[in-house]
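Student: Following the hints, complete the assembly by docking chain E onto the known chain B.
Protein chains: 2
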Amino acid sequence: MSQTTDQTPLDVSPEDDAYVLDRKAIAAILYAVEVQDKQQLTDLMEPLHAADIADLLEQVNSFDRRRLIELYGREFDGEILSELDEGVREEVISALAPAVLAEAVRDLESDDVVDLVEDLDEPQQEAILEHLEDADRVAVEQALSYPEESAGRLMQRETAMAPEHWNVGECIDYLRSSETLPEQFYHVILVDPRMRPVGNVTLGRIMGSRREVLLADIKEDVFQTIPVTQDEEDVAYAFNQYHLISAPVVDEDERLVGVITIDDAMVVLDEEHEEDILRLAGVGDESLTDTVSDTARQRFPWLAVNLLTAIVASLVIAQFEGTIQKYVALAVLMPIVASMGGNAGTQSLTVAVRAIATKDLTGANVWRVIRREALVGLANGLAFAVLMGGISVLWFGSVEIGYVIAVAMVINLVVAGLAGAIVPVVLEKAGVDPALASGTFVTTVTDVVGFFAFLGFASIMLT
Amino acid sequence: MSQTTDQTPLDVSPEDDAYVLDRKAIAAILYAVEVQDKQQLTDLMEPLHAADIADLLEQVNSFDRRRLIELYGREFDGEILSELDEGVREEVISALAPAVLAEAVRDLESDDVVDLVEDLDEPQQEAILEHLEDADRVAVEQALSYPEESAGRLMQRETAMAPEHWNVGECIDYLRSSETLPEQFYHVILVDPRMRPVGNVTLGRIMGSRREVLLADIKEDVFQTIPVTQDEEDVAYAFNQYHLISAPVVDEDERLVGVITIDDAMVVLDEEHEEDILRLAGVGDESLTDTVSDTARQRFPWLAVNLLTAIVASLVIAQFEGTIQKYVALAVLMPIVASMGGNAGTQSLTVAVRAIATKDLTGANVWRVIRREALVGLANGLAFAVLMGGISVLWFGSVEIGYVIAVAMVINLVVAGLAGAIVPVVLEKAGVDPALASGTFVTTVTDVVGFFAFLGFASIMLT
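Protein chains in written order, with this note's numbering: chain B, 1 to 463; chain E, 1 to 463.
Extracted from the complex, chain B is given alone in its bound form (with noise of 0.2 Å):
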């Protein structure tokens, strides 16, 4: 473990496995359970960070989950149910003692317990809420009233502020008497009269500054304030592009209402990209620790819309049977073209996909990345088509076979560009999540396609 919470910075190595929770101390916390020697326990997972522990429960099985949290018992702590993926967390909250799970929650950041409960089903909601304390189950349900994955749920409520006519000393001597401050902060937020932020200055200025130094006059640069609606994908892109440290969240009159930092940012920036990655790859918001039965239950509509996809390809093939019964090497090459067109097809849409995600793709430059998806496409086209279709000429020593394969190829890939950067566009002008839906639609395309013009220029070619 390279983690610690002693204030003794261990090494952490600088190898490819760093971070990585090692199999001997997984092994020695499970012997304890095993055993159920719990002061050993609490040795082992006290210098664990909170992270670590929530890694080490999805790791381990069911079973061994239950007993080690029973083990544990009072002293698991609430940081550690934050950290846990959603389907262990359940398990995990179900399986505390009602009087753990009370004080686990009651540790916790108003903001962390709005992440906390807002997946939870009802009766496990309720459950949680009724242990803290009055204000902060207004705040937590007031937090859960805006939309889901908006500013609103991901900020806290808490904040350092200061009318903007204040000088630094009055400003420390504030924040030193003051009782409300949030837990970590880094900007004091400069308000108006009618509570508007109007700047951010950082405590690194405000500590490097004399006294009488008006706050106004070391303000940041460059101010951003968040709509508490905003959806938090694009909270996760401000704080990213504007390099922001945390930002001021205000309401529909421009008034402070709360604040996001950076770290709440990188969280969902992580988020955001791994539902990318997934549904890209027409996987759903699964993870690990789901139970088989929900993991196949999750993919089956992917692979059944793949398989819809795949036999109207199959009809294609089917109009030309005649052709390939005449000519059986066209079934033996055909799966290259539509292989070749879809692994092309994905390049593109991968990189419109991602190009939308960073908004680096936008209604400017559109036409020009669609002309230049079609020309890559037109150049890797003829260079395969070549190198392919002198492959096929030697293996079946029919001139008119590689040819036939060299335009089917050409055809494909400048359509697997093309094809490629448009359905992304498309998709998100119409408001669908590119990453979602392109991969079907441009694979059926390159897979109808591909089968039409090698087959179709075959039938005319060959007969």
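Wrong hints could be hidden among the right ones.
What the hints assert, rightly or not - List time: in silico PhoX-like cross-link candidates among lysine-lysine, alpha-carbon distance up to 25 Å:
1) B:Lys-24 <-> E:Lys-38
2) E:Lys-38 <-> E:Lys-24
3) E:Lys-24 <-> B:Lys-429
If you're looking for bench data, these hints aren't it; they were derived computationally from the structure.
Tutor: Below, chain E alone, put in the same frame as chain B:
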């Protein structure tokens, strides 16, 4: 535009296109360039954040880009260079007048200069380094002596630190009088007499505490140091996993050599994700601004590998030419089995590749995950066997063909699940990036197994 540098928070629309450069703004800027109105251009560009100007430069064509830079002249800011994509960056640097380049670079922090020059070719690197002041140049050259993509390249050398025995008052007095504080900092690092970091104190805690409180008493619970040679991907992981805001970087003797802040870690996280997504699709480090020939050349190798695997699959088909000629329905159906296997394999491998990247798939659960993938493949294989078997019977009026495709479907989906889980794990063990190479291996396996199972079983059943 939603970004302001003039301290008045503009309304950011909560719609889907928040933060997208709007077409009107781009058109107005290009018009100003067209009519060579420098004042108008400066006025339009002034409210834009450097990151948005960089995006703008990437989205316009090469001709407009050059004219814009020439007209913008001395206003050109170093930060814009930092934000540009690599390809465009080189072009912009050669378009800038030497005096403008010199001034732009001199404003940058040394870690930004490192980021800027590390990918440039020798002459451009020289051109930039010679404009730096001596101290900065030495700092940059030292950073460049660390391995590429290591913590040493990412860190800034200026740190805010204090001896561990100081109290809050001493620390504030020191910070006020110090001339060499970093531009942005969020923690004061406590060091022992040998300059080894022993803890972090947040500025918020310092500001909120009385002068006589000891720094050691208000240290953070969680404290993590980063070895200077650690891979930046692991650095980003540590920030995300442990919710770090800044972390001290240490040399092999555990001495403080710099500090990494979360905004830099977030940029790395974003880049690593981008790389994974693109690699999974067989696309290298490309960007939308690359030329057609560069892009075609970059995508060629993956397509060539795919051609090879497709030919291997075709060789399998060629073994069954006789059977296909007799039952041409097999040629119609055979792409369906391969396509379903390919998709199921992609689902499994994407989940596995992600889980390896997030360190959720480890020695502790690898066998459970492989077993799960096989069982998921079995479950969906059985479902699609029934479905596609039934469809085939209806379509071709042959129970045998329905039976053949059903058996092939089950075999191929189980194999897809196994290969999807095992291939990335084995590649990772072998030191190959699983995101890069898994797809090829898994698709080859599913194509070969799919065609072989389907056609082989058909040749037994039907003759």
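Student: Holds or violated: B:Lys-24 with E:Lys-38, Cα cutoff 25 Å?
Tutor: Violated - the C-alpha atoms of E:Lys-38 and B:Lys-24 are around 66 Å apart, more than 25 Å.
Student: Is the Cα-Cα distance between E:Lys-38 and E:Lys-24 25 Å or less?
Tutor: 18 Å, holds
Student: Does B:Lys-429 lie within 25 Å of E:Lys-24 when you go C-alpha to C-alpha?
Tutor: 18 Å, holds
Checked against the numbered hints listed earlier, the structure breaks hint 1 alone; every other hint is satisfied.
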